[in-house]
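Chemist: Given next are the chains, with one letter for each unit.
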Amino acid sequence: MKSLSLLFMIALLFAFQPSVLPAAESKAEDWRSRASVVDRDTYSESDTDEELNFGREIAARLLGQFKISSNEKLQKYVNLVGKTLTQNCSRPELDFHFVVIESSEINAYSTPGGYVFVTTAVLTKMENEAELAGVLAHEIAHVTDRHIVKELSLKGAEKSAVSSIAALIGGASESVGIAFSQTVDKAVDLILRDGYKKEDEMQADASAVMLCAFSGYDPSGLVTFLDKIGKIKSGVGKTYPVYDVRLATLQRAMSDEGIVEMKLALNSERFTRIMKIEGKAKPN
Amino acid sequence: MKNGHVLLIAFYMFYLLITATAFSEESLYVQPFRARVFAKPSVASEVLGSVDSGFQFVSIGKEKNWIKLLFKGKAGYLPAVQVAKTPPLGKNTVQGSDSAPKLSVRSRASSSSAVVAGMKGLTYEDRARVSKGERSDYDALDKVDALKISSDELKSFQLEGGKR
Amino acid sequence: MMSKKLQVAVMLTLSMFAATSGADEFHYNNILVGDRASGMGGAYTAVSDDPGGMYYNPAGIAYSTGKSLSASVNAYSVSNRTYKGVINGQDWTRTSSTLLPNFFGIIQPVGKFKLGFSYAVPDSNQENQDQSFRSPNFYVYDQLGGIKNWGSVTQVINFNNKNDTNLFGPSAAVQLSDTFSIGATLYVHKRDTHAILNNTAQSDNQVIQVGANPDPSKDEYANVLINSYLETDEWGLKPIVGAMWTPVDKVSLGLAVSKTIVLKSDVLSQATVTTNDPDFAVNSNIRLHELNRSNDSLNSSSDKRKYPYQVTLGAAFFPNSSLLLSGDLSYSSGFEYQFLGIKNKREAVINGALGAEYYINKSWAVRGGFFTDFANTPEVVQGGTDQKEHIDMFGGSMTVSHFTKNTSISCGGSYKYGSGKSQVQGGNNAIQDASSDNWTIFVSSSYSY
Numbered sequence: 006m007k008s009l010s011l012l013f014m015i016a017l018l019f020a021f022q023p024s025v026l027p028a029a030e031s032k033a034e035d036w037r038s039r040a041s042v043v044d045r046d047t048y049s050e051s052d053t054d055e056e057l058n059f060g061r062e063i064a065a066r067l068l069g070q071f072k073i074s075s076n077e078k079l080q081k082y083v084n085l086v087g088k089t090l091t092q093n094c095s096r097p098e099l100d101f102h103f104v105v106i107e108s109s110e111i112n113a114y115s116t117p118g119g120y121v122f123v124t125t126a127v128l129t130k131m132e133n134e135a136e137l138a139g140v141l142a143h144e145i146a147h148v149t150d151r152h153i154v155k156e157l158s159l160k161g162a163e164k165s166a167v168s169s170i171a172a173l174i175g176g177a178s179e180s181v182g183i184a185f186s187q188t189v190d191k192a193v194d195l196i197l198r199d200g201y202k203k204e205d206e207m208q209a210d211a212s213a214v215m216l217c218a219f220s221g222y223d224p225s226g227l228v229t230f231l232d233k234i235g236k237i238k239s240g241v242g243k244t245y246p247v248y249d250v251r252l253a254t255l256q257r258a259m260s261d262e263g264i265v266e267m268k269l270a271l272n273s274e275r276f277t278r279i280m281k282i283e284g285k286a287k288p289n
Numbered sequence: 595m596k597n598g599h600v601l602l603i604a605f606y607m608f609y610l611l612i613t614a615t616a617f618s619e620e621s622l623y624v625q626p627f628r629a630r631v632f633a634k635p636s637v638a639s640e641v642l643g644s645v646d647s648g649f650q651f652v653s654i655g656k657e658k659n660w661i662k663l664l665f666k667g668k669a670g671y672l673p674a675v676q677v678a679k680t681p682p683l684g685k686n687t688v689q690g691s692d693s694a695p696k697l698s699v700r701s702r703a704s705s706s707s708a709v710v711a712g713m714k715g716l717t718y719e720d721r722a723r724v725s726k727g728e729r730s731d732y733d734a735l736d737k738v739d740a741l742k743i744s745s746d747e748l749k750s751f752q753l754e755g756g757k758r
Numbered sequence: 090m091m092s093k094k095l096q097v098a099v100m101l102t103l104s105m106f107a108a109t110s111g112a113d114e115f116h117y118n119n120i121l122v123g124d125r126a127s128g129m130g131g132a133y134t135a136v137s138d139d140p141g142g143m144y145y146n147p148a149g150i151a152y153s154t155g156k157s158l159s160a161s162v163n164a165y166s167v168s169n170r171t172y173k174g175v176i177n178g179q180d181w182t183r184t185s186s187t188l189l190p191n192f193f194g195i196i197q198p199v200g201k202f203k204l205g206f207s208y209a210v211p212d213s214n215q216e217n218q219d220q221s222f223r224s225p226n227f228y229v230y231d232q233l234g235g236i237k238n239w240g241s242v243t244q245v246i247n248f249n250n251k252n253d254t255n256l257f258g259p260s261a262a263v264q265l266s267d268t269f270s271i272g273a274t275l276y277v278h279k280r281d282t283h284a285i286l287n288n289t290a291q292s293d294n295q296v297i298q299v300g301a302n303p304d305p306s307k308d309e310y311a312n313v314l315i316n317s318y319l320e321t322d323e324w325g326l327k328p329i330v331g332a333m334w335t336p337v338d339k340v341s342l343g344l345a346v347s348k349t350i351v352l353k354s355d356v357l358s359q360a361t362v363t364t365n366d367p368d369f370a371v372n373s374n375i376r377l378h379e380l381n382r383s384n385d386s387l388n389s390s391s392d393k394r395k396y397p398y399q400v401t402l403g404a405a406f407f408p409n410s411s412l413l414l415s416g417d418l419s420y421s422s423g424f425e426y427q428f429l430g431i432k433n434k435r436e437a438v439i440n441g442a443l444g445a446e447y448y449i450n451k452s453w454a455v456r457g458g459f460f461t462d463f464a465n466t467p468e469v470v471q472g473g474t475d476q477k478e479h480i481d482m483f484g485g486s487m488t489v490s491h492f493t494k495n496t497s498i499s500c501g502g503s504y505k506y507g508s509g510k511s512q513v514q515g516g517n518n519a520i521q522d523a524s525s526d527n528w529t530i531f532v533s534s535s536y537s538y
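Residue numbers (the numbering used here), protein chains in the order written: chain A, 6 to 289; chain B, 595 to 758; chain C, 90 to 538.
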């Protein structure tokens with residue numbers, strides 16, 4: 006009898022404990038993570054410092070490979086479109102910079118910390134400002150969603166006594182500096198050759214159309230541009246994933262958000278005017 | 595056995611206490627300079643009003659990519675991408691920074707060669723580098739940083755736009 | 090009341106006593122290894138999701154988070170063993186202390202896999218005994234097989250025994266599904282032991298006349314010095330294979346199997362007896378405890394030790410991000426082997442451990458645990474001789490950790506105690522009470538980058 010009542014107590018223990026019963030299946034990494042790391046998706050100022058340092062290194066490397074377009078009015082125009090978007094993005098602490106670079110590659114790049122590059126070739130393929138906004142928004146989304154930061158685990162250095170002691174006991178030293186420079190190396194390659202992971206690209210697409218909508222730009226701009234690029238097989242930068250799947254995913258995301266039929270600004274006239282008058286980049 | 599029962603009850607109460615304290619309400623904060631609160635979880639719906647960066651609220655629900663809150667007595671929605679658990683960070687720019695990590699000449703040299711980035715555990719295929727070498731152009735970067743857009747310029751640009 | 094013959098035996102066999110054995114031979118949990126595990130009594134087989142996991146259950150590192158982790162533990166450990174009433178009612182005590190880096194590990198994700206490297210010191214001690222005793226009678230054999238009494242004797246024992254086991258090697262793990270992972274560690278096993286025993290006895294009364302033409306003015310008191318030396322240098326492999334299963338959310342079950350296989354062993358031994366009593370005879374019929382040599386030359390051997398199979402089953406419960414409860418049961422198989430002409434037999438042992446980790450807040454956590462450390466020798470029974478000591482130990486551990494965003498520092502300690510029986514004197518059925526304790530302080534850090 007006594008052992009039965011004990012068994013009953015044990016059964017009660019488990020039956021009424023909601024955290025014991027698995028609700029939806031969660032990943033082991035999630036429930037294994039302890040209180041000290043459970044907020045690893047929050048970022049502090051020192052993380053942003055580290056991200057910026059890193060982003061500037063990458064940007065400088067990219068600028069070493071590509072020449073900045075000397076067309077100052079074009080640079081300003083692209084920055085004005087970009088800043089319109091970044092006013093509504095989720096990382097107001099960053100100063101985004103938009104740069105037109107001379108290249109025949111139809112591509113755009115962004116670095117952690119907010120440097121966004123568009124090539125002269127990609128500008129020639131656009132027909133209106135909403136398409137430009139779509140591409141810029143996509144690159145901005147890579148930064149606000151911290152794709153590279155997460156991929157490379159960029160974390161701010163800690164200057165506390167605790168971390169110094171920890172480093173002393175653990176024996177870390179210059180290896181951190183070497184890790185940094187190798188990470189820079191890897192990130193440049195990531196942007197130029199590996200491309201972001203497919204999921205990251207699609208997440209950036211979904212974030213981009215929302216950002217365009219918040220900023221008053223027609224979200225279809227990105228869709229029409231990707232459709233166009235998909236049809237151009239040669240010469241496109243290798244970093245973008247397969248277009249059909251990508252477009253279908255994007256259109257589904259837009260339909261879920263109810264923004265497919267939104268008719269917002271295209272600013273075609275302004276775009277054409279600036280490209281024609283100011284651009285070496287003429288619409289083709 | 596009686597002692598055993600007491601122990602079991604004590605353990606259970608302790609356990610409930612611990613699990614209860616682990617779950618607590620959290621505040622959320624709006625991130626961008628200004629965000630619009632919508633009447634429904636859709637960008638196409640009516641705008642109830644706007645809130646500034648740093649606006650703090652407690653979420654009363656979540657629908658897909660939208661966070662539900664009480665706004666001016668009504669249910670409103672903010673896009674999930676525009677909120678976070680921590681307040682927005684202060685403006686942070688690094689110009690010609692001294693705070694860049696001090697890389698020794700030796701580690702610089704190692705970054706120029708195609709080696710496995712072992713410290714970060716990423717696989718790396720050995721292939722030809724893209725091109726023109728691996729130099730960095732900080733002067734060009736400074737030029738990029740120097741380009742500033744004033745808020746008046748931006749405002750008039752936005753007023754001029756909004757057309758099809 | 091010991092017979093005279095046996096008292097002689099006492100003298101000689103004590104001198105050869107336990108040159109190879111220390112508590113390390115008879116127990117499996119000598120030093121707790123790892124940053125978190127050491128605070129949790131070693132109950133880690135179902136947790137193992139950080140560098141320490143490479144030692145307990147490599148399958149667990151498949152769940153490690155962050156890109157790169159490193160952990161290091163430094164430990165200061167002191168052990169004491171007491172054998173009661175060994176010589177003329179006097180206790181023998183042996184103490185051991187060590188300061189050592191006892192674990193270092195690093196994990197790196199590569200594609201789907203987690204690869205790692207670690208270094209562990211599961212056993213390290215430097216045992217010393219420096220004691221002197223007085224006995225009223227001291228019997229020795231003479232050349233004709235008779236016995237003579239040296240009378241009151243002062244004995245001094247200096248015993249130094251160093252024993253270090255180092256493991257180092259790579260690990261790999263992969264998640265085969267959301268709920269199952271496997272992993273393996275391949276350690277290189279290196280063990281060095283170095284034991285020196287000097288046992289002297291000097292008679293207070295017995296005068297020896299030395300030489301063919303004895304010089305009465307050169308009286309010397311009878312004395313004997315027995316010196317024995319044993320050094321082993323062992324290389325081997327210790328593979329550890331593990332699996333981790335999540336039957337329901339927040340519950341983890343782990344299984345790890347390992348065995349140390351000695352591939353190369355170099356043994357050097359020497360025993361010398363020096364005495365000024367020409368009548369003194371080393372009687373080879375006396376059963377020597379560990380060494381059965383008594384000559385001047387250095388003997389070498391390639392005899393290999395054996396180690397048991399070890400299977401550990403663990404369970405862990407992660408109810409929330411603040412609390413973790415875990416338990417382990419480990420089975421070490423019985424085994425036997427010949428070493429320097431002596432048969433060593435060990436019994437199967439089951440040990441258990443329970444541990445908990447509680448985060449007071451994001452920055453502070455406490456860990457505590459209990460564990461057993463049972464002897465792998467048979468119980469000492471009345472009527473037997475030359476039985477190995479049997480001391481079952483129980484222990485507890487506790488650490489406090491402080492966390493910053495990327496790093497953590499822990500410090501704490503463990504204490505274990507046991508009592509049992511021993512038969513220190515070879516060829517003698519006298520049984521002594523024995524007790525042993527150990528306390529260890531550890532300081533460790535870990536960080537992700």
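Incorrect hints may appear among the rest.
[To be verified] In silico DSSO-like links for lysine-lysine, alpha-carbon gap of 30 angstroms or less:
1. C:Lys432 x C:Lys393
2. C:Lys339 x A:Lys32
3. A:Lys81 x B:Lys634
4. C:Lys201 x A:Lys203
5. B:Lys662 x A:Lys155
6. C:Lys251 x C:Lys339
7. B:Lys634 x B:Lys662
8. C:Lys348 x C:Lys434
9. A:Lys268 x B:Lys656
10. B:Lys749 x A:Lys130
11. C:Lys279 x C:Lys451
12. C:Lys451 x C:Lys393
13. A:Lys130 x B:Lys742
14. C:Lys451 x C:Lys348
15. C:Lys451 x A:Lys32
Because the hints were derived from the structure by calculation, they are not lab data.
Chemist: Hints first: check each against the structure and report whether it holds.
Modeler: Do the hints match the structure? See the list:
Taking the CA atoms of Lys432 of chain C and Lys393 of chain C, the gap is near 12 angstroms; set against the 30 angstroms cutoff, the hint holds. Distance restraint check for Lys339 of chain C and Lys32 of chain A: the Cα-Cα separation of roughly 9 angstroms lies within the 30 angstroms cut-off, and the hinted pair is therefore satisfied. Taken as a hint, the Lys81 of chain A and Lys634 of chain B pair is broken in the structure, with Cα atoms around 36 angstroms apart against an allowance of 30 angstroms. For the hint linking Lys201 of chain C to Lys203 of chain A, the alpha-carbon distance of about 17 angstroms falls within 30 angstroms, and the restraint holds.
Proposed proximity of Lys662 of chain B and Lys155 of chain A is supported: the alpha carbons are some 27 angstroms apart, at most 30 angstroms. For the hint linking Lys251 of chain C to Lys339 of chain C, the alpha-carbon distance of about 44 angstroms lies beyond 30 angstroms, and the restraint is violated. Taken as a hint, the Lys634 of chain B and Lys662 of chain B pair is honoured in the structure, with Cα atoms around 9 angstroms apart against an allowance of 30 angstroms. Between Lys348 of chain C and Lys434 of chain C the CA atoms are separated by roughly 17 angstroms; this keeps the pair inside 30 angstroms, and the hint holds.
Only pairs whose Cα atoms come within 30 angstroms are accepted, and Lys268 of chain A paired with Lys656 of chain B is accepted, the gap being roughly 27 angstroms. For a cut-off of 30 angstroms, the pair hint linking Lys749 of chain B to Lys130 of chain A stands: about 27 angstroms separates their Cα positions. At most 30 angstroms may separate the alpha-carbon atoms for a hinted pair to count; Lys279 of chain C and Lys451 of chain C exceed this at roughly 39 angstroms. Proposed proximity of Lys451 of chain C and Lys393 of chain C is contradicted: the alpha carbons are some 49 angstroms apart, above 30 angstroms.
The hinted pair formed by Lys130 of chain A and Lys742 of chain B meets the criterion: a straight-line CA distance of about 27 angstroms does not exceed 30 angstroms. For the proposed pair Lys451 of chain C and Lys348 of chain C, the alpha carbon gap of about 38 angstroms is over 30 angstroms, so the pair is violated. For a cut-off of 30 angstroms, the pair hint linking Lys451 of chain C to Lys32 of chain A stands: about 21 angstroms separates their Cα positions.
Checked against the numbered hints listed earlier, the structure breaks hints 3, 6, 11, 12, 14; every other hint is satisfied.
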